[in-house]
Every structure is written in structure tokens, then in C-alpha cells.
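Note that the working numbering gives residue 61 to position 36 of the sequence shown, counting from 1, and the numbers run on in steps of one.
Don't read these hints as lab results, they were simulated from the structure.
Among the hints, a few may not be true.
[What the hints assert, rightly or not] Lysine-lysine pairs mimicking DSS-like chemistry, simulated, CA-CA at most 27 Å apart: (1) Lys117 x Lys99; (2) Lys46 x Lys99; (3) Lys98 x Lys46.
[What the hints assert, rightly or not] Each pair of labels, with its calculated beta carbon distance range: (4) Gln161 x Glu63: 16 to 24 Å; (5) Phe37 x Ile81: 25 to 33 Å; (6) Glu83 x Gln178: 29 to 37 Å; (7) Arg59 x Met162: 13 to 21 Å; (8) Ser154 x Leu101: 22 to 30 Å; (9) Ala165 x Arg107: 33 to 41 Å; (10) Ala170 x Asp147: 31 to 39 Å; (11) Glu43 x Ser74: 16 to 24 Å; (12) Trp112 x His49: 26 to 34 Å; (13) Asn64 x Gln161: 19 to 27 Å; (14) Glu92 x Ala170: 40 to 48 Å.
Glycine is no exception: its CB is placed at the ideal position from the N, C-alpha and C atoms.
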Amino acid sequence: MLMGPGGGLNLFHAQPTEGMKQLHEFFSPPGPSRERMENLIRTFLFDSSAITPELIDERLASATEAETAEFYKKHLVEPDPREPQLWRELEKIGHKTLLIWGRDDRTVPFEGGLIMLRRLQDARMHIISRCGHWVQMEKADEFNALVHNFLSQD
26 MLMGPGGGLN LFHAQPTEGM KQLHEFFSPP GPSRERMENL IRTFLFDSSA
76 ITPELIDERL ASATEAETAE FYKKHLVEPD PREPQLWREL EKIGHKTLLI
126 WGRDDRTVPF EGGLIMLRRL QDARMHIISR CGHWVQMEKA DEFNALVHNF
176 LSQD
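Input sequences plus hints: build the corresponding full structure.
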């Protein structure tokens with residue numbers, strides 16, 4: 026199950042996307058801050074009315090954990106250009122795959138999922154309107170039903 030994952034290939038949006046710029050800025054010097062986290066969340070969500078001080082604090086704490094910060098530094102801030110482009114490797118995945126995307130995702134646009142849908146051996150894709158990058162938060166009931174149904178299949 027993949028929800029708005031990286032590793033696709035954008036067809037219609039310039040790189041880096043608005044959300045990826047915000048993510049890069051968040052981890053770039055002088056480093057993470059509450060204001061930068063709020064800006065990042067605003068880019069992730071279609072409906073910014075869901076942003077609360079508690080959400081900002083929770084996501085800031087999670088994003089600044091040592092392992093998380095190291096991952097983003099390695100893969101986003103200072104990526105190794107020798108690493109393979111993931112979309113070129115998708116045919117190797119033989120498992121059934123569920124792709125869930127917010128139609129209005131400004132971080133990893135849904136068209137990247139179209140490449141995945143085509144290249145994965147056994148994939149199905151759901152695109153949800155009026156939804157940004159965090160489908161699991163903005164459309165939790167629909168997301169949970171899709172995942173439950175997918176995992177319940179033989």
C-alpha cells in the first residue's frame with residue numbers, strides 16, 4: 026500500500042514541487058522551526074482549517090527526531106545522484122499494490138502515480154478529490170476503507 030509516495034515521475038508539474046521546496050527548506054539551515062513546519066503542513070493539506078497548534082507541535086517533534094532528520098538530509102537535502110531513479114525499478118515489484126493519492130497533492134502530484142500504475146505488475150490506484158498529500162488525515166474514513174478492502178482481498 027502506497028499513499029502519495031515518492032519515486033514516481035512527474036509529468037505535468039515542474040520539479041521540485043511546491044511541497045518538496047517547503048520540505049527542503051524545512052531541513053535546510055538554520056534548520057527546522059515551528060514556523061517552517063506550519064508552512065510545510067499548509068502545503069501538504071488541501072484544507073488548511075485542519076491545522077491546529079497541536080498538529081504543528083506533533084509533526085515538529087516527529088520531524089526532528091534524529092533518525093527522521095537524518096533520512097531527510099540523506100534523501101532530500103543532499104541526495105546521492107548515483108542512486109537509481111526508483112520509477113525505473115517498479116517492474117521488479119510483483120506484489121499487489123494499492124496506490125492512494127490526493128488529487129490536489131502539491132508535494133507529490135498524482136500524475137507520478139500514473140507512471141507507477143503503468144509500471145507496477147499488479148496495481149490499482151485511487152485518486153481522491155479535494156485532498157492534498159496527507160490522504161490518511163484529510164480523508165481518513167475513505168482511506169481506511171480503501172486499505173481495509175485491499176488488505177481483506179484474497
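Which of the stated hints cannot be reconciled with the structure, identified by number in ascending sequence? 10, 12 and 14
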